[in-house]
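Asker: Sequence:
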Amino acid sequence: MISPIKDPASFKCFSVIADLIPPASVVSTFLFFGGSIELNLAQMNRFVLAHTNKYVIYEFWECLKESPSNLIETIKFLQQKIGTAAPFLEHLQARWPSYKNPYIRGGLFFLLNSYSEDKLVSSGKLNPDRYNALTLRHLAQIPTVENFHLNFYDSEDCLEGIEKKTEKSEYILFPVGKFSYNLFDQAKPTGFETTIVNHEKLRDFLKNSDKKVLLIYKFHKQLPSFYKDFPIKYLNHYGRPTKSTKDVTEAIIANFRIN
Numbered sequence: 001m002i003s004p005i006k007d008p009a010s011f012k013c014f015s016v017i018a019d020l021i022p023p024a025s026v027v028s029t030f031l032f033f034g035g036s037i038e039l040n041l042a043q044m045n046r047f048v049l050a051h052t053n054k055y056v057i058y059e060f061w062e063c064l065k066e067s068p069s070n071l072i073e074t075i076k077f078l079q080q081k082i083g084t085a086a087p088f089l090e091h092l093q094a095r096w097p098s099y100k101n102p103y104i105r106g107g108l109f110f111l112l113n114s115y116s117e118d119k120l121v122s123s124g125k126l127n128p129d130r131y132n133a134l135t136l137r138h139l140a141q142i143p144t145v146e147n148f149h150l151n152f153y154d155s156e157d158c159l160e161g162i163e164k165k166t167e168k169s170e171y172i173l174f175p176v177g178k179f180s181y182n183l184f185d186q187a188k189p190t191g192f193e194t195t196i197v198n199h200e201k202l203r204d205f206l207k208n209s210d211k212k213v214l215l216i217y218k219f220h221k222q223l224p225s226f227y228k229d230f231p232i233k234y235l236n237h238y239g240r241p242t243k244s245t246k247d248v249t250e251a252i253i254a255n256f257r258i259n
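FYI, in the working numbering the residues of the sequence shown are 1 to 259.
Think of the hints as simulated: they come from the structure by calculation, not from any bench. A quick note: this is a predicted structure, and the numbers were derived from the prediction, not measured. Ideal placement from N, C-alpha and C gives every residue a C-beta, glycine not left out. Honestly, I wouldn't trust all of these hints.
What the hints assert, rightly or not - Here are the simulated DSS-like pairs of lysine-lysine, each with C-alpha atoms no more than 30 Å apart in a straight line:
| id | residue 1 | residue 2 |
| --- | --- | --- |
| 1 | K178 | K12 |
| 2 | K178 | K201 |
| 3 | K218 | K233 |
| 4 | K165 | K212 |
| 5 | K76 | K65 |
| 6 | K125 | K165 |
| 7 | K243 | K221 |
| 8 | K211 | K233 |
| 9 | K125 | K81 |
| 10 | K12 | K218 |
| 11 | K243 | K211 |
| 12 | K201 | K221 |
| 13 | K81 | K119 |
| 14 | K100 | K65 |
| 15 | K228 | K243 |
| 16 | K164 | K125 |
| 17 | K218 | K178 |
| 18 | K228 | K81 |
| 19 | K201 | K218 |
What the hints assert, rightly or not - Simulated DEER-style distance windows between Cβ atoms:
| id | residue 1 | residue 2 | range |
| --- | --- | --- | --- |
| 20 | G239 | V145 | 20 to 30 Å |
| 21 | I2 | E170 | 23 to 33 Å |
| 22 | R257 | S98 | 47 to 57 Å |
Make the full structure from the sequences, and use the hints.
Answerer: Next comes the structure, spelled out in structure tokens:
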């Protein structure tokens, strides 16, 4: 299944993740955004409990679940209405959550994500030519996916209360994306949809959890030393396992045997 939302990470590792998580498993996922991995796991008979601590992300997917036709018509209307003028688009990028109607917010979430060079919503150079009306077909397919449920929890710390949230899960999945060991990154301004990850706390959780935990990262040269005590599977840009450091673009890190 192709997600209608572009994800900054654009992970290629799904087939490897699917091999590591058996069918009929209960999986809790965190840092939900584009949903490609989560939706495909659900479609392939895994029971997925996805979580986000960003209400704007939850709201978009909730609007899609409750009334896909309403959301799609709103997107079509907005795409014609807002035009292509850069100053106005940048204004929307800074203020889109302030609109009162949730379907307007959801429609802007979708369009700005489509336009953004960074594949985000509140940041990235905007180019309306990136929009492809065919992606609306993918939107209509999402509500038919079974075995998938999305939860919202109100906390800046994505790990807060995670033990209780994952009591019934066998696996926990974090599609983390970029790695940074720069503590000053936590003080940087972020978009409405962006979650700051404390990698040290995440590593501690990986170490101490009694669940099978998987972290997915875009490769960074500091990852091997930072996670030196854990199994790491390296993947190339096709999403295939590789031992060549020249080809590595992604890394899967776990607290159980994966190699």
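Asker: Now, for every hint given, state plainly whether the structure supports it.
Answerer: Hints and how they fare:
no.: 1; hint: K178 to K12; verdict: holds (14 Å)
no.: 2; hint: K178 to K201; verdict: holds (16 Å)
no.: 3; hint: K218 to K233; verdict: holds (12 Å)
no.: 4; hint: K165 to K212; verdict: holds (14 Å)
no.: 5; hint: K76 to K65; verdict: holds (18 Å)
no.: 6; hint: K125 to K165; verdict: violated (36 Å)
no.: 7; hint: K243 to K221; verdict: holds (14 Å)
no.: 8; hint: K211 to K233; verdict: holds (19 Å)
no.: 9; hint: K125 to K81; verdict: holds (20 Å)
no.: 10; hint: K12 to K218; verdict: holds (10 Å)
no.: 11; hint: K243 to K211; verdict: holds (27 Å)
no.: 12; hint: K201 to K221; verdict: holds (19 Å)
no.: 13; hint: K81 to K119; verdict: holds (22 Å)
no.: 14; hint: K100 to K65; verdict: holds (19 Å)
no.: 15; hint: K228 to K243; verdict: holds (16 Å)
no.: 16; hint: K164 to K125; verdict: violated (39 Å)
no.: 17; hint: K218 to K178; verdict: holds (5 Å)
no.: 18; hint: K228 to K81; verdict: violated (52 Å)
no.: 19; hint: K201 to K218; verdict: holds (18 Å)
no.: 20; hint: G239 to V145: 20 to 30 Å; verdict: holds (21 Å)
no.: 21; hint: I2 to E170: 23 to 33 Å; verdict: holds (27 Å)
no.: 22; hint: R257 to S98: 47 to 57 Å; verdict: holds (48 Å)
In terms of the numbered hints stated before, the structure departs from hints 6, 16, 18, listed from lowest to highest.
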